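Chain V is fixed; fit chain R onto it per the hints.
One line per chain: the protein sequences are V and R, in this order.
Just so it is clear: in the first sequence, position 90 is 90 by our numbering, and no numbers are missing.
Just so it is clear: in the second sequence, position 259 is 259 by our numbering, and no numbers are missing.
It is possible that some hints are incorrect.
[Unchecked claim] Calculated lysine-lysine pairs in the PhoX-like style (CA-CA distance at most 20 Å, straight line):
id: 1; chain 1: V; residue 1: K58; chain 2: R; residue 2: K64
id: 2; chain 1: R; residue 1: K18; chain 2: R; residue 2: K197
id: 3; chain 1: R; residue 1: K64; chain 2: V; residue 2: K75
id: 4; chain 1: R; residue 1: K265; chain 2: R; residue 2: K316
id: 5; chain 1: V; residue 1: K75; chain 2: R; residue 2: K76
id: 6; chain 1: V; residue 1: K74; chain 2: R; residue 2: K119
id: 7; chain 1: R; residue 1: K121; chain 2: R; residue 2: K26
id: 8; chain 1: V; residue 1: K60; chain 2: V; residue 2: K75
id: 9; chain 1: V; residue 1: K74; chain 2: R; residue 2: K64
id: 10; chain 1: R; residue 1: K295; chain 2: R; residue 2: K341
id: 11; chain 1: R; residue 1: K197; chain 2: R; residue 2: K265
id: 12; chain 1: R; residue 1: K18; chain 2: R; residue 2: K120
id: 13; chain 1: V; residue 1: K75; chain 2: V; residue 2: K58
id: 14; chain 1: R; residue 1: K18; chain 2: R; residue 2: K124
id: 15; chain 1: R; residue 1: K64; chain 2: R; residue 2: K121
id: 16; chain 1: R; residue 1: K76; chain 2: V; residue 2: K74
id: 17; chain 1: R; residue 1: K76; chain 2: R; residue 2: K18
id: 18; chain 1: R; residue 1: K119; chain 2: R; residue 2: K197
I should point out that these hints are in silico values taken from the structure, not numbers from a laboratory.
On a predicted model such as this, the values are computed, not experimentally measured, just so you know.
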Amino acid sequence: MRDNIAGGALTETTFLVLLSTYTPNHGYGIMQFIERATNGRVHLGAGTLYGAINTLLKKKWIAPFGRVEPGSSKKEYVITDLGRQVAEKELKRLGELYGLASRIIGGERE
Amino acid sequence: MTKRVIRYFFNFTEGQEKWLNDMAAKGWRLIRCGQLSYHFERCTPGEYEYAVEFVADRSYAGSKDYKAFLESMGYKTFYKNVDVGFFVGKVSWRPWAEVAGQVATAPGSLQKELIIVEKKKDGKPFELHTDLTDLLALHRTVRAAYFWNAGSMFALALLFLIIYTMRVNAIYAALGAILCGALGWLWFMPGLKTSLKVRRLEEETKTNEYEAPSMKKRVWSRAAAFVIPVLLASSVLGVLYATGVRSDSYMTLGMVQTSGDNQWKASYIKLKGYQQRRVTLHEGTYTFTIDITTKSGELDLSITGQDGTEYYKGSKLPTSTFEVQADIGVTDQITIRVDAKGHSGGFTVRWE
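Okay, chain V solo, but in the shape it has when bound (with noise of 0.2 Å):
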């Protein structure tokens, strides 16, 4: 997943993933943080959270977790620094759109 080069907007799916992982997280669990996190509005397919776990590992916005046991399928994955930036300035550009659209919507309302 790239960073969309005009507006520097992630993907919703991106951002999820980035915020579900702020603490260790594995595949499952990302899947409910995501589907609690938004009240059931957002439902991750199991093949989607796999593409994007790994475009996101390949970004190093998040990073395997722990000693990962052979074998075994629960791998966990955090956050990494770059990630957190990359969500920090995501956060900016909500926060702008979000005050940009409440004064032109909410205008008109009154």
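Leaving out everything else, chain R in the frame of chain V:
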């Protein structure tokens, strides 16, 4: 209670998925699958549901890792084939796959093109792919695979058609062309359906969150799916054409041929095209003894001098033996030529 069903799906994604879900709805749970078979056991109707994942574009290591991941998410998984081993052999080329997955071998990723994923129904929708970026990439790959299979089959059908026009073993060539053409269609139709899905998803990328893949990847996957089959087919045609412009141009089946200083003899099951022999004869009178055996088809024979003098010309020769006299004035290089149209039998030409 178990049962075995023999089946093969050309529509290996949607068609197969729907069938497995129909089986599950009727109370049949998949326990094992073979190349052309599915083994089921009794379960509560509607207890399980299935999704078919296309993984042939991944390397073998990648697909095993993905399979393990799916298992860790609580699903049961089965590998399933698209390629059928007895016909295709032990190696397959997948130009639309990622680099490490391009050449599939058995044992290895060959005949493990799909993963059937089983989930116990829990009321939530069973979707393995949920974002636009992911869905679009997946459907583009699946489309390329369908079209690659269809294209290969159409190319084979074309090859059989060319052989058919040469009338050598015409029946088998015609059957081959029809069979390959039909198989091509069976893959082309789901390919077209997938293509429509890709179009719909592409439309959504204009307004919805989506990350475009790098140009390099798109260009490569397009080239693979459309250009390579065309290149392959045209190189086959090129070879056929190149072999067709020699002075002898013929195709034959089971030909036994001898030619010497004063005779040329050939027998065959089937001959199509033309062959010629050049013989230098000195001044004098010669007798050509021609012996023709015609079981089916047509055979023309001519004996011509260097300056175009026609010593003999006969067409659609039946089974017969006859003699032709030729007065050669000055030393001449004569040409004996036979033209065959799906001729079955043989001929002997002797001169003295």
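Hints versus structure:
A hinted pair counts as satisfied when its Cα atoms are at most 20 Å apart, and V:K58 with R:K64 qualifies at roughly 18 Å. The suggested pairing of R:K18 with R:K197 holds, with an alpha-carbon distance near 17 Å, which does not exceed 20 Å. A threshold of 20 Å between alpha carbons decides the hint, and for R:K64 with V:K75 the separation of about 15 Å falls inside it, so the pair holds. For the hint linking R:K265 to R:K316, the alpha-carbon distance of about 18 Å falls within 20 Å, and the restraint holds.
The suggested pairing of V:K75 with R:K76 holds, with an alpha-carbon distance near 18 Å, which does not exceed 20 Å. Of the pairs offered as hints, the one joining V:K74 and R:K119 holds, with about 18 Å between alpha carbons and a cut-off of 20 Å not exceeded. Restraint check for R:K121 and R:K26: the C-alpha separation of about 14 Å stays at or below 20 Å, so the hint holds. Only pairs whose Cα atoms come within 20 Å are accepted, and V:K60 paired with V:K75 is accepted, the gap being roughly 16 Å.
With a C-alpha separation of about 14 Å, the suggested pair V:K74 and R:K64 falls inside the 20 Å cut-off, and the hint holds. Between the alpha carbons of R:K295 and R:K341 the distance comes to roughly 12 Å, so the proposed pair stays at or under 20 Å and holds. Simply put, R:K197 and R:K265 have alpha-carbon atoms about 62 Å apart, too far for the 20 Å limit, and the pair is violated. This hinted pair checks out: R:K18 and R:K120 have alpha carbons roughly 16 Å apart, not beyond 20 Å.
Pair hint V:K75 plus V:K58 holds up; C-alpha atoms about 15 Å apart against a cutoff of 20 Å. Note on R:K18 and R:K124: the hinted pairing holds, with a Cα-Cα distance of about 18 Å set against a maximum of 20 Å. Only pairs whose Cα atoms come within 20 Å are accepted, and R:K64 paired with R:K121 is rejected, the gap being roughly 24 Å. With a CA separation close to 15 Å, the supplied pair R:K76 and V:K74 stays within the 20 Å bound.
Among the hinted pairs, R:K76 with R:K18 is consistent with the structure: their alpha-carbon atoms are about 17 Å apart, no more than 20 Å. In summary, the hint linking R:K119 to R:K197 is not supported, as the alpha carbons are separated by about 25 Å, beyond the 20 Å threshold.
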